[in-house]
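Asker: Construct the entire structure; sequences and hints are all you get.
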Amino acid sequence: MPRTTVGLLVLLALGVLVAPFAAAQTRKVARIGLLDYTPSWELFRQALRDLGYREGENLHLEYRRTEGRRERLSALAAELVRLPVDVLVTLGVVAARAAQDATTTIPSVMVAVGDPVRTGLVASLAHPGGNVTGSTTLGADLSAKRLQRLHEALPTLAHVAFLWNPAQSANRLQVDEIARGATA
1 MPRTTVGLLV LLALGVLVAP FAAAQTRKVA RIGLLDYTPS WELFRQALRD LGYREGENLH
61 LEYRRTEGRR ERLSALAAEL VRLPVDVLVT LGVVAARAAQ DATTTIPSVM VAVGDPVRTG
121 LVASLAHPGG NVTGSTTLGA DLSAKRLQRL HEALPTLAHV AFLWNPAQSA NRLQVDEIAR
181 GATA
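Going left to right, the sequence shown walks through residues 1 to 184 as my numbering numbers them.
These are calculated hints, taken from the structure and not from any lab test.
Keep in mind that a hint or two might mislead.
Here are the simulated SDA-like pairs of lysine to any residue, each with C-alpha atoms no more than 25 Å apart in a straight line [as the list claims (entries may be wrong)]: (1) K28 / T103; (2) K28 / E79; (3) K145 / T156; (4) K145 / A126; (5) K28 / I106; (6) K145 / L125; (7) K28 / T66; (8) K145 / G120; (9) K145 / S124.
Answerer: Given below as structure tokens:
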């Protein structure tokens, strides 16, 4: 074989051997910051796996837990921002607010937030603005409608109990809305 052919084959073989290592080094590993622990994160992790994300391969999850001390949320959110992470994922209004206060540039995805507009997390559902997005579970404006539907389904119903946490601002909005609907 001529030297140029041997040289070309060696170069090609080296290219084939080195290419997977080069690709592995340039492949982006998504870093997601999860603020506070909840068993629901296991469902979130499964959904990521279903989408092809694998922890240790193309995904790194950073958990920060309050261990029941909500006053730690702000410090933990700031810690995740300093790492930095590519996105923050939060559960509930208080954690979403801590992430919102910690950064205006890293996308923050809120989960299970009652009314992000009334709690001031977003400007509107159609145009949230800023870096906060996500899902809402209960709109406070729907609470009165739900009470009305319950009364239509059970017209003899005289009392309804609503269990709520007064420390949650979204709950306060729902209670106020239900009270307005009950007197209307």
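Asker: Could you run down the list of hints and mark each one as holding or not?
Answerer: Now for the hints, and whether the structure bears them out:
1. K28 / T103: With Cα atoms ~22 Å apart, K28 and T103 stay inside 25 Å; holds.
2. K28 / E79: Satisfied, since the Cα-Cα distance of roughly 21 Å is no more than 25 Å.
3. K145 / T156: holds (17 Å)
4. K145 / A126: Given that 25 Å is the threshold and the Cα spacing comes to 21 Å, the pair holds.
5. K28 / I106: holds (17 Å)
6. K145 / L125: holds (19 Å)
7. K28 / T66: violated (29 Å)
8. K145 / G120: Cα-Cα ~22 Å, so holds.
9. K145 / S124: holds (20 Å)
Hint violations for this structure: number 7 only, all remaining hints satisfied.
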